[in-house]
Amino acid sequence: MNCEEANRFLDAYLDRELDLRRYPELDQHLRVCPSCQSLAHEFQEFRSLFAASAPYQAPSQLRAKVLAAVRQQQVKHAFAFLRQPWVYATGVVVLSLFLALNILFPDAAGELFRQAVLRHSHSLASHHPVDIASANPQVVKTWFAAKLDFVPPVVSFPASGYVLFGGRVDVIQNRLVAALVYKRDKDAVTLFCWAPKKEHLPKSDHLIEGYHVSTWSNAEWNYILVSKLSDREMDQFVDSFRVHIQSGAYF
Amino acid sequence: MRQRSADRLTQEDPRRFEEIFLPRLDAAYNLARWIIRHDPDAQDVVQDAYVRAFKGFQRFRGGGNSKAWFLTIVRNTAYTLLNKRAAKENLIPYEEERHANIILIDDPDNELPAEAQKEYLQRALERLPLEFREVIILYELEGLSYKELASTLGIPVGTVMSRLSRARRRLRQEFAGVRHSE
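Protein chains in written order, with the working numbering: chain A, 1 to 251; chain B, 1001 to 1182.
No wet-lab data here; the hints were simulated from the structure. Hints are supplied without guarantee of correctness; some may be wrong.
Result set (DSS-like, lysine-lysine): computed pairs, CA atoms no more than 25 Å apart in a straight line [claimed, not checked]:
#1 B:K1084 to A:K203
#2 B:K1084 to A:K228
#3 B:K1055 to A:K203
#4 A:K203 to B:K1067
Produce the entire structure from the sequences given, and follow the hints as far as they go.
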């Protein structure tokens, strides 16, 4: 083995991953070649830098979000399992499993979204969908500051076609939430937003009674978006909104 | 369904999923963060990956290496998001150095303090093309073997060997570059 080859395989050798055939060859070469020895030493020194480096740690709320997302799946999984024909033959087992799962994984999240849909549709059907009607985010934000003990992020991104119509305070499952209404042509979306005490909403999408519901959260806010827009339009709205929030272009 | 009635809730017990995979949360986030380089998106990727892993858990059934399998899912999910956002970094093949024997860390007697080392390393890593960055992260920070790397990245072991070697060479260059720009 010459120096050029040795150099190619040096990393694998130091990783102890070099194949059985080449290993002794490289080993032997290192014994007799001082410049390659020196190179090996340099490589090793550099690699030791990694010992000190710390990988990123998952932010604290991520664990809660992941657990919530996985458990939502567990409920779906359990109910899919229960629909198979042979299961019904073992009636008692099925019933107690059903009850146990309902107790362990109550579908509280589903109820939350249903209420959001109800509030959205009722408010639009009424003559009074907003308490503060303004396309100016600062005006809307100031209004919320006087009504709630949190001030929601209010952004305006007319380039997307959606215009801020206004806001109101709403109640969903005994929580006070900020409701922001955006309109585009004949479509209206409601973005519910609140500061979570404990639970952060996992990212999810639902179709409830003909309405699309998208949920997500970040460190400060839980969001629920409700509308009759298509999946793609919902995604676009969420993307526009998040871009504006992250760029700090809000008041 | 063709599944045997014997492997029901015991084998695919959802609780087992949590036991096995929740401890990998930091590893998943670390990988997602190094690929996506943006915290909120990295969190979304991790969540999606866990959901996918749960759904695939039935087929996986604990056979083989669950860590490599799971990190593959995280990686694929991250790339799906990257493609969606069309924020791809350039994957132009790196031109090989002709003079491969050059020692790229000069001044070995001039030791850097540990904090500076950490920071320079981090910055150097950030400068790597994605292809190099991920193979180094997976090897050095996640401790995958070459074989696991091959499976996670979908390439032969020989390619892992050469890519890792080239990645480290490039990293050493970037490190020296970062250091000298101070």
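Check the structure against each numbered hint from earlier and tell me which ones fail, lowest number first. Of the numbered hints given earlier, the structure breaks none, since each of them holds.
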